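Residue numbers (the numbering used here), protein chains in the order written: chain A, 23 to 286; chain B, 23 to 286; chain C, 23 to 286; chain D, 23 to 286.
Keep in mind that the hints were calculated from the coordinates and are not lab data. Every value quoted in this text rests on a predicted model; they were computed, and no experiment measured them. Treat the hints with caution; some may be incorrect.
[Said to hold, decoys possible] Straight-line Cα separation of at most 25 Å, DSS-like style, residue types lysine-lysine; simulated pairs:
1) A:161 / A:261
2) C:115 / C:261
3) B:261 / B:153
4) A:115 / B:238
5) C:26 / C:261
6) A:261 / D:238
7) A:261 / D:153
8) A:115 / D:115
9) A:153 / D:261
10) A:153 / A:238
11) B:153 / A:261
12) D:153 / B:153
13) A:161 / D:153
14) B:115 / C:161
15) B:261 / B:26
16) B:161 / C:115
17) D:161 / D:238
18) D:115 / D:26
[Stated by the list, open to error] A few chain B residues facing chain C, derived, Cβ under 10 Å:
19) 39
20) 172
21) 200
[Said to hold, decoys possible] Where chain B lies over chain A, by a calculated footprint (3+ residues, C-beta under 8 Å):
22) 66 to 80
23) 142 to 148
24) 190 to 202
Beta carbons are placed, not taken as given, at the ideal position from N, Cα and C, and that holds for glycine.
These are the residues of each chain, in order.
There are 4 protein chains.
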Amino acid sequence: MKDKIRVTVWNENIHERGEGAWADVIRNHYPHGIHNALKEELASPDLEIRAVALDDPEQGLPQDVLENTDTLVWWGHCGHHLVEDSLVDRIQKRVLEGMGLVVLHSGHYSKIFRRMLGTHCSLRWREVGEKERVWVVDKDHPIAQGVPDSFVIPHTEMYGEPFGIPGEAHVVFMSWYEGGNVFRSGVTFRRGQGKIFYFSPGHETFPIYRQPEVVKVIGNAVRWAAQELPNARTVCWDKDPALEPVTSENPMDAVDTSSLHAKA
Amino acid sequence: MKDKIRVTVWNENIHERGEGAWADVIRNHYPHGIHNALKEELASPDLEIRAVALDDPEQGLPQDVLENTDTLVWWGHCGHHLVEDSLVDRIQKRVLEGMGLVVLHSGHYSKIFRRMLGTHCSLRWREVGEKERVWVVDKDHPIAQGVPDSFVIPHTEMYGEPFGIPGEAHVVFMSWYEGGNVFRSGVTFRRGQGKIFYFSPGHETFPIYRQPEVVKVIGNAVRWAAQELPNARTVCWDKDPALEPVTSENPMDAVDTSSLHAKA
Amino acid sequence: MKDKIRVTVWNENIHERGEGAWADVIRNHYPHGIHNALKEELASPDLEIRAVALDDPEQGLPQDVLENTDTLVWWGHCGHHLVEDSLVDRIQKRVLEGMGLVVLHSGHYSKIFRRMLGTHCSLRWREVGEKERVWVVDKDHPIAQGVPDSFVIPHTEMYGEPFGIPGEAHVVFMSWYEGGNVFRSGVTFRRGQGKIFYFSPGHETFPIYRQPEVVKVIGNAVRWAAQELPNARTVCWDKDPALEPVTSENPMDAVDTSSLHAKA
Amino acid sequence: MKDKIRVTVWNENIHERGEGAWADVIRNHYPHGIHNALKEELASPDLEIRAVALDDPEQGLPQDVLENTDTLVWWGHCGHHLVEDSLVDRIQKRVLEGMGLVVLHSGHYSKIFRRMLGTHCSLRWREVGEKERVWVVDKDHPIAQGVPDSFVIPHTEMYGEPFGIPGEAHVVFMSWYEGGNVFRSGVTFRRGQGKIFYFSPGHETFPIYRQPEVVKVIGNAVRWAAQELPNARTVCWDKDPALEPVTSENPMDAVDTSSLHAKA
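The whole structure should be built from the sequences, with the hints applied where relevant.
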């Protein structure tokens, strides 16, 4: 492994700059935005953490930042549509090449998460400040190490099933809600060489990213998703030579294909 | 089930209209294009088949055609980039709502296949007219019914591993190539309510879609992917009421959120 | 499909014959045992249902019964160890050949369920008569058809995560419990040609198998798991002829293998 | 991780002690048996390797050996039925607790492999010394690191599809055979806390375990399957207290259950 895992935390950083008492609550929890709060909370000698936001140059992710990111953490909500498709293309390419992707909370509807999964990623939701209990389902998963069997988030936004993700999602955590709902709250996917983790806790008006168990999960996830890429390569193959003798006669050998080659 | 399964075969129909001896070969196999050849070959009393092409109005798939299609069959190659993103959006939405999708051969690189899977769908390839042997791996899958344990395609384009699809692909067929390669040549996926099947045989310069075993597989696939949609629905949820009593106090109840609501 | 799906409901039928007030409660719900209660509740023109018990001849499943069963429903609890290993062998063989298997409640620890999955199938549990809410997670699954988005079981035994099953389980239902737990309460597996469904609701001291939603799920499951078996066959292959020419010289051709053949 | 990964290579060691020219061939490749050959070939400073055989005391795997094994490698063929069921029970328990299991070649029919998967693990086969080409399908898997894109085994026993394993097998390698067959030759599973890898190359009459690429794969696999077990624990749960208040009245509270408790 590299000396340090290079983590980039991306945040749309819109709610944090809103107006009124409601936005004051958010600023009280996250004075410099959720991205900087996560940077503070995740701080560790083995991590090199960058916090970037939607209104930074190139929407916070110029190509050299992406290329020097081992795991990208994503928080977005009301600004999903503001993210440029060309940035989504570039992130997707990097994930397929092996960059880790950790998508948080309302990021379930982000362009990049839907792009990676191909599904609509819809879910039930309710915002009444109810209690959530997060259960570890796969105790042996690296992301669950050091996390108690279950833990409580005192006030949360409810995210409930059915969750519109591919059925093959590997379930690491499941959540119970006071109001009667359940949710696959921590799930992993692999796309190309990249590892993806989605974790639902984290509503902006509650100090969920200040809670040690939540920070533990996210810290585990950025380390799990980061990886050496000895095989990183372009995704297209050249015409491949036969490794075993082909003795079949090719009916096309008798055909003039100059017009084809002229075209291509 | 409905009286008839409504199948729409989409073809970019570009090679078939090319110039020179090479294109004559294709026209010899498929005088009215691959889409119409498949329409002829798949003809059956339980299927209502439409053949459409890229240069038809609305690229062959106006909304009412999509909405009256149970399974869409897709053949494309050099014109992938010509398909409008808005059409890809509309097809994806229909698949998530339950329309079947059967992607053939070079469609592995089509926008819609990559959109549904989130991966680059790359593969090795070679075009020397070699022999392919297709093996049934999951004999009990509906798509394999009536298909021999293995069958030969006398001349084919080689598609070889590694195939850049999600690892959870359910493998129904695997192929052997004279030149030494192997390939997961028939795989299924599910996204939202929709069933997806990819089948690699089918190069344009060989009469592969005139071969009974290949037609059998595609016919099975269009029937397997088609489905009643008793639960078809919009993909977004409204705010959900609590079904169990929430007794936690909501810290946000004390906060003036008028500025938030004004904004939204 | 056959005229009728042949369902066999197996029950250890031990609690129902216990002594005291506690067993009276069970007999009150299920006067002729859980197996006969399910036979009554599932009754339908398309099903031919047999109810059998552990103390029937050959533990209720002589070979001709097994061979004429399309779906086997299993309820056991304190008598798991009484089921003979040779019967488990015979059931496993039939499932691999295509017989459906629906395992209920405490059957999670049955020999046959553990045999099919290879895992210990452990779980958390608690018996305080609390409320359970069952959520549909995969609305489009045949087993979920006609089942409401969620429904309540007023008094249940709690089964909680982590559930020691293979992570690839396809989740159809998830449950919420009043006491704070969650559970993957309805999951499917496929082994060989056989389809398997596990459903957790169903404790003996509560009339859960008299509840319409629960009966609906089990009825859907026996139909989903039953299947025609056009490919049923012995599970061992004979030596297979080469289908393509083998030109490599076999170093063993020069070796006298008479001693090997003498032995075999 | 521990200082060294503790690997135990188990071999039935029957063919190696056979009579005649045929067995001489095997002894020529593996003078001290396949288990000792693998011990030699895998030798590395980070591995502590033990070679054991069926006719060692307690069939080579007394409990303290099992408990001090991080990864167990298994080679068996004609002696599968000689392995005691109680040993299979003990191995299964250790795998579920987190011991790695690497099953080689004809071990596909071993009791322990079938026990872990629940399937019959059948396959096609042919023994004519033909050529095999092994392809890497998942280049980024730890087991594929340092393995070329494809490599040739000059003379092999053919193992062909359909391979009777659960469809969820994660495919790392696929094989091509001169005689026209294909096979998922390297697949992974997870059961409980344990990781399992099956690798098909390795027939006894050919020096396949002397081939560097094959040794590389097996060496990668023993390291991948070995793991720290911070969560190792007994597999049964005690009755679990409610973590959230249960307000439902329990109908069983009014029932005298003394007879039940007397019995249990």
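Results for each hint:
Annotation: proposed proximity of residue 161 (chain A) to residue 261 (chain A) is violated, straight-line Cα distance about 45 Å (limit 25 Å). This hinted pair checks out: residue 115 (chain C) and residue 261 (chain C) have alpha carbons roughly 22 Å apart, not beyond 25 Å. Distance restraint check for residue 261 (chain B) and residue 153 (chain B): the Cα-Cα separation of roughly 57 Å exceeds the 25 Å cut-off, and the hinted pair is therefore not satisfied. With a C-alpha separation of about 37 Å, the suggested pairing of residue 115 (chain A) with residue 238 (chain B) is violated against the 25 Å cut-off.
Annotation: proposed proximity of residue 26 (chain C) to residue 261 (chain C) is violated, straight-line Cα distance about 38 Å (limit 25 Å). Proximity of residue 261 (chain A) to residue 238 (chain D) is assessed by CA-CA distance (about 28 Å); at most 25 Å being required, the pair is judged violated. Proximity of residue 261 (chain A) to residue 153 (chain D) is assessed by CA-CA distance (about 24 Å); at most 25 Å being required, the pair is judged to hold. Between residue 115 (chain A) and residue 115 (chain D) the CA atoms are separated by roughly 42 Å; this puts the pair beyond 25 Å, and the hint is violated.
For the proposed pair residue 153 (chain A) and residue 261 (chain D), the alpha carbon gap of about 24 Å is at most 25 Å, so the pair holds. Under the criterion of a C-alpha separation no larger than 25 Å, the hint pairing residue 153 (chain A) with residue 238 (chain A) is consistent with the structure, at around 19 Å. Between the alpha carbons of residue 153 (chain B) and residue 261 (chain A) the distance comes to roughly 17 Å, so the proposed pair stays at or under 25 Å and holds. Proximity of residue 153 (chain D) to residue 153 (chain B) is assessed by CA-CA distance (about 18 Å); at most 25 Å being required, the pair is judged to hold.
Between residue 161 (chain A) and residue 153 (chain D), the direct Cα distance comes to roughly 43 Å. Violation of the 25 Å bound is thereby established for this hinted pair. As the CA atoms of residue 115 (chain B) and residue 161 (chain C) are separated by approximately 17 Å, the hinted pair is consistent with the 25 Å bound. Between residue 261 (chain B) and residue 26 (chain B), the direct Cα distance comes to roughly 38 Å. Violation of the 25 Å bound is thereby established for this hinted pair. A distance of roughly 17 Å separates the Cα atoms of residue 161 (chain B) and residue 115 (chain C); the hinted pair therefore holds under the 25 Å criterion.
Note on residue 161 (chain D) and residue 238 (chain D): the hinted pairing holds, with a Cα-Cα distance of about 14 Å set against a maximum of 25 Å. Restraint check: the Cα-Cα separation between residue 115 (chain D) and residue 26 (chain D) comes to about 22 Å, which is no more than 25 Å; the hinted pair holds. Against a cut-off of 10 Å between C-beta atoms, the interface hint on residue 39 (chain B) is violated, since the closest Cβ of chain C lies about 37 Å away. The interface hint given for residue 172 (chain B) is met, as the beta carbon of that residue sits about 7 Å from the closest beta carbon of chain C, less than 10 Å.
Of the supplied interface hints, the one on residue 200 (chain B) holds, with its beta-carbon coming within about 8 Å of a beta-carbon of chain C, less than 10 Å. Counting residues of the region 66 to 80 of chain A whose CB lies closer than 8 Å to any CB of chain B gives 0, which falls below the minimum of 3, so the coverage claim is violated. Restraint check on the region 142 to 148 of chain A versus chain B: 6 residues with Cβ-Cβ distances below 8 Å, three needed, restraint holds. Using a Cβ-Cβ cut-off of 8 Å, 4 residues of the region 190 to 202 of chain A lie near chain B, which meets the minimum of three, so the contact claim holds.
Hint check: violations occur at hints 1, 3, 4, 5, 6, 8, 13, 15, 19 and 22; the rest are consistent with the structure.
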